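Residue numbers (our numbering): 379 to 1396.
I should point out that these hints are in silico values taken from the structure, not numbers from a laboratory.
Computed from a predicted structure; not experimentally measured.
For every residue, glycine included, the Cβ atom is placed at its ideal position computed from N, Cα and C.
Do not rely on the hints blindly, as some may be mistaken.
[Unchecked claim] No farther apart than 30 Å at their CA atoms in a straight line, the calculated lysine-lysine pairs in the DSSO-like style are these:
#: 1; residue 1: Lys686; residue 2: Lys744
#: 2; residue 1: Lys707; residue 2: Lys627
#: 3; residue 1: Lys627; residue 2: Lys674
#: 4; residue 1: Lys410; residue 2: Lys1130
#: 5; residue 1: Lys410; residue 2: Lys458
#: 6; residue 1: Lys638; residue 2: Lys707
#: 7; residue 1: Lys1010; residue 2: Lys458
#: 8; residue 1: Lys744; residue 2: Lys638
#: 9; residue 1: Lys756; residue 2: Lys675
#: 10; residue 1: Lys686; residue 2: Lys663
#: 11; residue 1: Lys744; residue 2: Lys410
#: 12; residue 1: Lys675; residue 2: Lys638
#: 13; residue 1: Lys458; residue 2: Lys785
#: 14; residue 1: Lys663; residue 2: Lys756
#: 15; residue 1: Lys686; residue 2: Lys756
#: 16; residue 1: Lys458; residue 2: Lys744
#: 17; residue 1: Lys686; residue 2: Lys627
#: 18; residue 1: Lys1130; residue 2: Lys1092
#: 19; residue 1: Lys465; residue 2: Lys1271
#: 20; residue 1: Lys785; residue 2: Lys674
#: 21; residue 1: Lys638; residue 2: Lys663
#: 22; residue 1: Lys674; residue 2: Lys707
#: 23; residue 1: Lys627; residue 2: Lys744
#: 24; residue 1: Lys458; residue 2: Lys663
#: 25; residue 1: Lys785; residue 2: Lys686
#: 26; residue 1: Lys465; residue 2: Lys707
#: 27; residue 1: Lys627; residue 2: Lys663
#: 28; residue 1: Lys465; residue 2: Lys756
#: 29; residue 1: Lys785; residue 2: Lys756
#: 30; residue 1: Lys756; residue 2: Lys458
[What the hints assert, rightly or not] Label pairs and their calculated CB-CB ranges:
#: 31; residue 1: Ser489; residue 2: Gln1345; range: 38 to 44 Å
#: 32; residue 1: Gly471; residue 2: Pro1322; range: 53 to 59 Å
#: 33; residue 1: Val939; residue 2: Gly471; range: 49 to 55 Å
#: 34; residue 1: Leu648; residue 2: Gly1132; range: 47 to 53 Å
#: 35; residue 1: Gln1345; residue 2: Asp886; range: 38 to 44 Å
#: 36; residue 1: Gln1345; residue 2: Glu441; range: 17 to 23 Å
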Amino acid sequence: MRVKAIVLSLVALLATSAIASAQSQTGEIFGKATDASGAVLPGVTVTLTGPVLLQPLTAITSETGTYQFPRVEIGAYTVKFELTGFKTVVNEGIRVTVGFSAQVNAVMGISTVQETITVTGETPIVDTKEVGTKQTFTNELLQSIPSARDPWVILQQTAGIAMDRENVGGNMSGQQSNYVSRGGNPTNNKWSLDGVDITDMSATGASPSYYDFDAFEEMTINTGGVDVTQQTGGVGINLVTKSGSDRFKGSSRFYGTDQKFESNNIDDTLRNQGASSGNPIQNIKDYGVEAGGPLKKGRAWVWGSFGKQTIDVGVLGFYQPTTFCQSLKSAAVANAQSIDTINGCLNTDRTLLQTTNLKAEVQLFKGNKATLFNNFAKKERNARGASDLNPIETTTPQGAVDASFGKHWWNTGPNPTFKFGDQWVVSDRLLVDVQYAHIGNNFTLGFHSPELRDVQPTLIISTGLNGRSFQEQVFIRPVNSVTFNSNYFMPAVAGGDHAIKFGAYWRDSNSVSLLHRGGFATVRFPTDVTNDCSTLASGCQVDLIRDGNSVYDLLNVAAFVQDTYTHGRVTAQLGIRYDRNHDQALASTIGANPLGGPWLPAINFPGADPGVVFNNFSPRVGMTYDLSGNGKTLVRANYARYYGQVGLGGVASEINPVSSTGLRYPWIDANVNKAADPGEIVLSANPLAVVQGNWSAANPANVVSANTVDPNLKNDTTDEVIVGVDRELGRGLAVGVNYVWRRYDNFQWEDKTGITTADWVPTTFTPSASSCPGADNRTAAAACPAVTFYQPAFQQPTVFTYTNAPGYNRTFNGVEVTGRKRMSNHWLMNTSFSYNSAVYNYNAFTGSNNMSSGTAGTVPLTEDPTNRAVRDGNQYDFLTSGSGIGNVFVNAKWLFKLSGLYELPFAINVSAFYNARQGYPFERGILSPSRANGGNTVFVVLDPIGENRLPNYQNLDFHVERPVRLQSVRFIPSLDVFNVSNGNTIQAIRGTQNAANANQIQAILAPRVVRFGIRFNW
379 MRVKAIVLSL VALLATSAIA SAQSQTGEIF GKATDASGAV LPGVTVTLTG PVLLQPLTAI
439 TSETGTYQFP RVEIGAYTVK FELTGFKTVV NEGIRVTVGF SAQVNAVMGI STVQETITVT
499 GETPIVDTKE VGTKQTFTNE LLQSIPSARD PWVILQQTAG IAMDRENVGG NMSGQQSNYV
559 SRGGNPTNNK WSLDGVDITD MSATGASPSY YDFDAFEEMT INTGGVDVTQ QTGGVGINLV
619 TKSGSDRFKG SSRFYGTDQK FESNNIDDTL RNQGASSGNP IQNIKDYGVE AGGPLKKGRA
679 WVWGSFGKQT IDVGVLGFYQ PTTFCQSLKS AAVANAQSID TINGCLNTDR TLLQTTNLKA
739 EVQLFKGNKA TLFNNFAKKE RNARGASDLN PIETTTPQGA VDASFGKHWW NTGPNPTFKF
799 GDQWVVSDRL LVDVQYAHIG NNFTLGFHSP ELRDVQPTLI ISTGLNGRSF QEQVFIRPVN
859 SVTFNSNYFM PAVAGGDHAI KFGAYWRDSN SVSLLHRGGF ATVRFPTDVT NDCSTLASGC
919 QVDLIRDGNS VYDLLNVAAF VQDTYTHGRV TAQLGIRYDR NHDQALASTI GANPLGGPWL
979 PAINFPGADP GVVFNNFSPR VGMTYDLSGN GKTLVRANYA RYYGQVGLGG VASEINPVSS
1039 TGLRYPWIDA NVNKAADPGE IVLSANPLAV VQGNWSAANP ANVVSANTVD PNLKNDTTDE
1099 VIVGVDRELG RGLAVGVNYV WRRYDNFQWE DKTGITTADW VPTTFTPSAS SCPGADNRTA
1159 AAACPAVTFY QPAFQQPTVF TYTNAPGYNR TFNGVEVTGR KRMSNHWLMN TSFSYNSAVY
1219 NYNAFTGSNN MSSGTAGTVP LTEDPTNRAV RDGNQYDFLT SGSGIGNVFV NAKWLFKLSG
1279 LYELPFAINV SAFYNARQGY PFERGILSPS RANGGNTVFV VLDPIGENRL PNYQNLDFHV
1339 ERPVRLQSVR FIPSLDVFNV SNGNTIQAIR GTQNAANANQ IQAILAPRVV RFGIRFNW
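Can you make the complete structure from the sequences, with help from the hints?
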């Protein structure tokens, strides 16, 4: 009774506070009991049993004959219906997946003796309550369909999702992929682990860590029509780990991939375009073990896992620092060598992932289950940012933050995640669930040797080539959250049954970000480090970078309620969600940049509140209609409004003066040492550009930013309409089609004070012939026409107001056709075809989205109208960055995906995954000179977005396995072949036409490779 009192007190406390539901890790079983005439049967005892339940669950059918088991764990169940005077009905093999509502009805005949009717394997494939779009990957699919074994390649298999990279057999594993669905912004994506919202709120929308693939029981990917438990309209990734049971079971594995079993896909055509090596795997090892069982049968279970991956890959143009290997940067030298010789010169980009998981579950009293979960995830990488433009000394080793920055195993060390949850089935009508979670996300990026802290990096302006050094950073991002969810079943009210879910959420996120640029500056050369920088006319520049020390806090509070009403063939959902988001910049101190004179002084920042709190109410309305009356043909419609995910510093960073600040100035290398020394920099109140941070020439030492936040600033919105139909064609086989419309609005931007688009004047620029490479059997001739860019007519202000962009929005229209087949008759299948069109709409907004270079960076909204004509009314193409990928513009108007498995005779299983899409846009353009009056450079795009594209992409992966049973152990040897056709599709091309590396290949599809595997299940 004491334990019950504690649980009741917690529920009461949380129910009266404002808290959001994390994404679900459960499903639902519901249905109706009738007699042979179709009359409903109240009072039927419905018993739910299954290996994932500590104890059976029971419900009594209502006066309408209905029952419900909400929030049941994923797994296989048996549902038994019992009523005196009627035959007992048992439905076996009911499979519940994440978010799926399995309808299990019983027709009970009259009987004068005890009699049982057993029905096997009748799990419905059409969810009669589903108003959105999602795809579920069971453990069977995760293990059997060929993949590189991480969540991002599972996203690649999901309908309508376009990835920024193609992971062939693991050549991109250990790095996070960016991905776009339905024209959305990846910052609105959500990640959930065992029901806990783990989304990284600094790298907003990303995962905070990496995972042991064999720890997952299931993954569900939501792409639209999500209910009130999710704030945003982004892709929702639900990761559900395995659990213990009353039977001890587990598995172990080893997978190996090596360059000895890798093909070469570089032909002469590609070599002539600069693809001297491609992106080969050198060696990958993936091994681990997971196991669980009872501590006390029917009362307490435990499960744990350990996994480790070492991933060694080569990167195109990323060479070892020997004289010969560095000489391969010359196309003439590289083309005279064999591919094997070139591959032997590639430096190793090495990633180590190590993950441990521990989960314990115990029944505290009848109907109550407490869960404790812990995860530690370590990542180490020797050369983050490795590329042909970033030699080894300019990359950054990555690891965990040490204990000098905070409590080890809590906020520092291998990324820790802790969760305590308690679920109480109060009755067959009411269920409550409470969770507390802590995430200690952290990592460092450093120099390769301590002396590089004082070495200034170099940058070639035209090509983007980096040299000498880079920077170090420390990131500490702890998160604490409490969630409360409840389900209440209210039958026979207003002519139907009501399944009500309500909940609340409290999440406090904190971040500390430290940065130091080597030597406090980056020196910039126009075309090569050999440029003579002894005069201003040479055009040499320096970016002075003051250290950064940004500390932010973000409080998310939410509450929601949703009613799912069922009457006959109609199911209607009506919900409302409230979100409150408030971020602040906390106090911090930063030292002066020793080269910046009075313009980059030390600052003791007391902290700042932007004065804006987002209070958002999100309606969700959906309806399904069972056309056939037997749950096999379903028509659905859904409307939802979603609000944007506010990240740490999402608003407060706009008024934080101690974020890393960078000013660009002319530089004269008087002592010819290729470094910017005191007295060589032409300092003034009017830099060539403010390249990063918040800075005011009027008062550079002011601890209160001159920038302001519009007090009427609104959170960005996504409005969505989905109309679709699902049809079960046969046992376990269904097809569906959905039309999706979205509108993205209320985007925010930095509105510079005292300048408008009318103050930007057109300027015609013709690149010099010497800067534009001609056709030389290596690349296509550069396109260097005269272009028009705009520059400010007077000194561009540095002070701005952060506000909403008037009139600017994006619209999306798409059609998605899907097919799915559960395993039966020896085969299973998933397929999809998506047609997408996401379009920029500037309307009354007179500026444009512009990049300051053609090699990397963001595409922000500015007053500058330079690229308005090529973007307005054309395709939205998200520019990806990070984890070694750049210059990739994600947009495909069509995507096709097909995966399947077939059981051959002699217990041989074969499976495959085929993936095809339209080529992504190729943004080629002209890089302007530094524009007058602080205008910086601008990349002038030559073609309307979407008209010039890279080649279409297609790829086929293949898997074969032959399980062998040795008593209680199942031994499974396997072989995977990735990129079966050894395709070499171009993934990225250098787009700056007035540069020496114009039109050179930056990345191609990795070659065919074979992976060998062995698994033991017991």
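Sort out whether Lys1130 lies within 30 Å of Lys410, counting only the CA atoms. violated (62 Å)
Does Lys756 sit within 30 Å of Lys465, going by the straight-line distance between their CA atoms? Not OK: Lys465 and Lys756 at ~56 Å, beyond 30 Å, violated.
Would the hint linking Lys458 and Lys785 be met if the CA-CA limit is 30 Å? Violated, at about 51 Å.
Decide if the proposed pair is consistent with the structure: Lys686 and Lys744, CA atoms, cutoff 30 Å inclusive. This hinted pair is violated, its Cα atoms lying about 39 Å apart.
Starting from Lys744, check that the Cα of Lys410 is at most 30 Å away, please. holds (25 Å)
Compare the distance between the alpha carbons of Lys675 and Lys638 with 30 Å, and conclude whether the hinted pair is satisfied. violated (48 Å)
Hey, Lys686 versus Lys663, does the alpha-carbon distance stay inside 30 Å? holds (8 Å)
Does Lys663 sit within 30 Å of Lys627, going by the straight-line distance between their CA atoms? holds (24 Å)
Keeping to a limit of 30 Å between CA atoms, is the pair of Lys458 and Lys663 held or broken? Violated, at about 46 Å.
For Lys744 and Lys638, compute the direct alpha-carbon distance and say whether it is at most 30 Å. Status violated; Cα separation ~57 Å.
Straight-line Cα separation of Lys638 and Lys663 no greater than 30 Å? OK: Lys638 and Lys663 at ~14 Å, within 30 Å.
Starting from Lys674, check that the Cα of Lys707 is at most 30 Å away, please. Between Lys674 and Lys707 the Cα gap is close to 64 Å, so the pair fails against 30 Å, i.e. violated.
The structure fails to meet hints 1, 2, 4, 8, 9, 12, 13, 19, 20, 22, 24, 26, 28, 30, 33, 35 and 36 from the earlier list, while all remaining hints are met.
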